[in-house]
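Engineer: Given only the sequences and the hints, what does the whole structure look like? Please build it.
Counting from 1, one number per residue, gives the positions in the sequence shown under the numbering used here.
Keep in mind that the hints are not guaranteed to be accurate.
Ranges of calculated distance between the beta carbons of each label pair, as one might list FRET restraints [to be verified]: (1) Leu34 / Val74: 48 to 54 Å; (2) Phe80 / Leu41: 44 to 50 Å; (3) Asp99 / Phe67: 46 to 52 Å; (4) Gly79 / Ser47: 41 to 47 Å; (5) Gly37 / Leu59: 28 to 34 Å; (6) Leu58 / Ala84: 33 to 39 Å; (7) Ser63 / Phe100: 52 to 58 Å; (8) Pro97 / Ser63: 30 to 36 Å; (9) Val52 / Phe94: 39 to 45 Å; (10) Leu34 / Ala78: 55 to 61 Å; (11) Ala86 / Gly45: 52 to 58 Å; (12) Gly37 / Gly79: 31 to 37 Å; (13) Leu66 / Phe96: 55 to 61 Å.
Everything labelled a hint here was simulated from the structure, so no lab data went into it.
These numbers come from a predicted model, not from an experiment.
All C-beta atoms in this analysis are idealised placements derived from N, C-alpha and C, irrespective of residue type, glycine included.
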Amino acid sequence: MADYHQPREEASYGYGGQHQISGWTVIYASLAGLAFGGPLLAMAGFSFLASVTISWLLLLIFSPLLFGACAVLVAAFAGFGMAAVAGLDGLSSFVFPPDF
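Structural biologist: Put into structure tokens, the structure is as follows:
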């Protein structure tokens, strides 16, 4: 029971209670991160470049179709807007009947 409460060795702490890490450990960790992260970043960049290239070509090929579809949508929204204005005009004629 007496050996249970013996003091243990404390970890080596540096300034402000933080662990001391050697410069070589930081260099090795940076090189390991570069070795693993570099190819992943390169593959992500290549994937992004390929997808932008394909989508740009598809946009260039289908731009006349997209322009026509956009024109149809604008006309449809304008038609619904005019119908709403005509409906409000009709309702206002019931609320405020014209004097003849």
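Engineer: Out of the numbered hints, which ones does the structure contradict?
Structural biologist: Of the numbered hints, 8, 9, 12, 13 do not hold.
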